[in-house]
Amino acid sequence: MANVQAGVPPTEKALEAERAGARPRSDLSRQRLRSAWLFLAPMLLVLALVAGWPLLKTIWFSLTNASLSNLEGADFVGLRNYWEYVDYGDGEGEYFGLLFDPQWWNAVWNTVYYSVISVAIETVLGLVFALVLNAEFKGRAFVRAAVLIPWAIPTIVSAKMWAWMMNDQFGILNDMLMAIGIISSPIAWTADPDTAMWAVIIVDVWKTTPFMALLILAGLQMVPGDVYEAAKIDGIHPVKVFFKVTLPLIRPAILVAVIFRALDALRVFDLIYVLTPNNTQTKSMSVFAQENLFQFDKFAYGSAASTLLFLVIAFITLFYIKVARLDLGGRGS
Amino acid sequence: MARKVTTGRKIGTTIFAWFVGLVIFFPILWTFLTSFKTELQAISIPPVFVGFDWTLENYRTIQTQSNYFHFMANSIYLSLGSTALGLIFAIPAAWAMAFSPTRRTKDVLLWMLSTKMLPAVGVLIPIYLLFVRFGLLDSRLGLIVVLFLINLPILVWMLYTYFKEIPGEILEAARMDGASLSKEITQVLAPMAVPGIASTVLLNVILSWNEAFWTLNLTTSNAAPLTAFIASFSSPQGNFYAKLSAASMLAIAPILIVGWFSQKQLVRGLTFGAVK
Chain U
70 MANVQAGVPP TEKALEAERA GARPRSDLSR QRLRSAWLFL APMLLVLALV
120 AGWPLLKTIW FSLTNASLSN LEGADFVGLR NYWEYVDYGD GEGEYFGLLF
170 DPQWWNAVWN TVYYSVISVA IETVLGLVFA LVLNAEFKGR AFVRAAVLIP
220 WAIPTIVSAK MWAWMMNDQF GILNDMLMAI GIISSPIAWT ADPDTAMWAV
270 IIVDVWKTTP FMALLILAGL QMVPGDVYEA AKIDGIHPVK VFFKVTLPLI
320 RPAILVAVIF RALDALRVFD LIYVLTPNNT QTKSMSVFAQ ENLFQFDKFA
370 YGSAASTLLF LVIAFITLFY IKVARLDLGG RGS
Chain W
498 MARKVTTGRK IGTTIFAWFV GLVIFFPILW TFLTSFKTEL QAISIPPVFV
548 GFDWTLENYR TIQTQSNYFH FMANSIYLSL GSTALGLIFA IPAAWAMAFS
598 PTRRTKDVLL WMLSTKMLPA VGVLIPIYLL FVRFGLLDSR LGLIVVLFLI
648 NLPILVWMLY TYFKEIPGEI LEAARMDGAS LSKEITQVLA PMAVPGIAST
698 VLLNVILSWN EAFWTLNLTT SNAAPLTAFI ASFSSPQGNF YAKLSAASML
748 AIAPILIVGW FSQKQLVRGL TFGAVK
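Chains as they are written, first to last, in this note's numbering: chain U, 70 to 402; chain W, 498 to 773.
Mixed in with the good hints there might be a few duds.
[Claimed, not checked] Listed next, with one range per pair, are the computed distances between beta-carbon atoms: (1) W:ARG630 to U:TRP152: 28 to 36 Å; (2) W:GLN562 to U:MET245: 27 to 35 Å; (3) U:MET247 to W:GLY509: 25 to 33 Å; (4) W:ASN719 to U:ASN175: 34 to 42 Å.
Honestly, the hints are just simulated from the structure, not real lab data. Note that CB positions come from ideal geometry on N, CA and C, so glycine has one too.
Given only the sequences and the hints, what does the whole structure look like? Please build it.
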C-alpha cells in the first residue's frame, strides 16, 4: 500500500489548470490535497491491516506443514501443498498437491457452475422484476416491500426455512408440486445428487433476485421519461425501445450489480453449508477449504485452497472489469 | 381501441406483479404460519394452511429456554457499534476520494474491492489467533471491530458514490467566498450528504445484523447475536420445525419492522455504485 500513500499526485483539476496556462492556486490547493490524503490514510491503513495481514498469514501457512495443533512451530515446505512429485524410483512417480486433487477441481467446477447459473438467472429475473416494479400499478409500495424482504433476512435463516420447505416428507414444496401434478412422487431436493445443486440455486435466486431487481430499478429510474416519449412519437415498437434505448442506458447499473453479486457467489459458503451439508455435488471452494482447515486436520492444505480461491476470484474479477470496461473512475470520468 | 389495450396491459402488469410478490413472500408467510402450530401439526400430511389451532406455545418455550432479549441486545450493540465506527473512518476517506480525486482513486477503489475476494474461511485462523492474543474472544468489542472491518469497503464505496453526486461547483463557490475547510465540510457538504449517509447506515446495520460466519466462530454466549441464536436451534436429531420457525420469526422481526418503515432509504441505500 505504501506506493499509494507515498508521493502526492496532483489532482486532475490542478493538472487541467496547469494545461490551461493558469498557475495552480498553490498554497490553498496544496493544503486541500494534503488534508485529502490525511482523510484517506486511516481507512487505507485499517484496510491494509484487515486485508493484507490475514492474507499474508494464510499464504504463509499454505507454504508450511502447519496443522491446527501446531500453528506456530510449522516448517516451511515450499509449494508442496500445491504441487509435489513423489518419485517411486524406476521412473515411476505420482503427482500430489492441490493442483492434482480431483476433489479441488470438483469444488472449482461446482462453484463456477453455481455462480454462472445463479447470477445469470438473477440478472434476467431481476431485470423483469425491475421493469414490472417500474410500472404503475395498484399496491406497488406493498409489492416492492414484499420483494425486498428476502434480501434482508440472514442467509442462515432463509437456508433453514427452505430446508424445511424442501423436506422430502413434510415439505410444502413437494406437496404443492404433487397437487399441481408436476411431480408424481416426493423428491429429496437437498439430498438427491441430481437436484441438490438446483435446490441451492433456487434458494439463492429467491434470496438475491430482489437485490438485483432493486439495483436495476434504480438504474431504470434514472432514464429520463422524455426518451420514451420521443420513441413513442416516432412509433418505435416498445420491444425495440427496450433493447436499443433502455438496456444501453441501464448497462452500468447492471454491470456493477453483477460484479458485486458474482464476488459473493464465488465465495458462497453458508447457504451450501446449511442447506446441503456433506454433498459432493454442491461442495464449493469455500466449503472445501473449510473442511480441510478445520475438519480434516489438513490446515496447510486448506490454507493453500484459500489462497488459490483468492487468486481465482481475483483473476475472474480483473478479467470481468476489463471485458465489461467497468467504470470505477473518479468524478467526471 | 388503443385505450383498451393499455388498460388490459395495466391489469396484466398488476396481476403479474402481485403474483410475483406473493411467490417471493410465500416462504416467509409459511414460516410465520408454522411458528404458530404445534410440532405435530407442523409435520402433518397434507400440510394445513390456516385451519389449525393457533398457539403461542413455541414463542413461550423459546423465551424460557434461551434468553431471546440477550441475543437481541447483542445484535443491536454489534450492528450500531460497527456502523458508528465505520462512519468515523469511511466519511473522511470517501470525502477525500470524491472531492480531491487523483489518478490513484481508481486503484484505491479497486483495491478495496479485493477485500471482497478473500474467503472468510481462509482468514478465520489468523483473525482467531489475534483474538486469542488480545483476549477478544466472545467480546462485543472484538466483534464490533471485525464487523466494522468487513463492511468498511462497502461503506466507503457507497458514501463515495453519494458524495460524487454533490456538484463540485457548490464547493468552488464556497471556496471563492473564502470558506475554510472545516466550514466547507460542516456547512456546505454535511447537509447535502445526510440522505446518502442515512441510506448507508441503514444498509450497513442490516448487513451487520445478518452476518453469521464471524459471529458464530468468534462468540460462544456472552457476545452472541441473533444469528447465533438461530444456529442454536438446529439440533440435528430433533425435528423441531415449529420452534425453529418461531425462532426464525423472532430473529427477523426487528429487520422486517425497521425495513418496512424505511423502505425508501433502504432502496436508495441498495443502489450504491449503480447510479451515476
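Quick rundown of the hints versus the structure:
1. W:ARG630 to U:TRP152: 28 to 36 Å: holds, 33 Å
2. W:GLN562 to U:MET245: 27 to 35 Å: With Cβ atoms ~32 Å apart, the hint holds.
3. U:MET247 to W:GLY509: 25 to 33 Å: holds, 29 Å
4. W:ASN719 to U:ASN175: 34 to 42 Å: The hint (34 to 42 Å, Cβ to Cβ) holds, given that ASN719 (chain W) and ASN175 (chain U) are roughly 40 Å apart.
When held up to the earlier numbered hints, the structure conflicts with none and fits them all.
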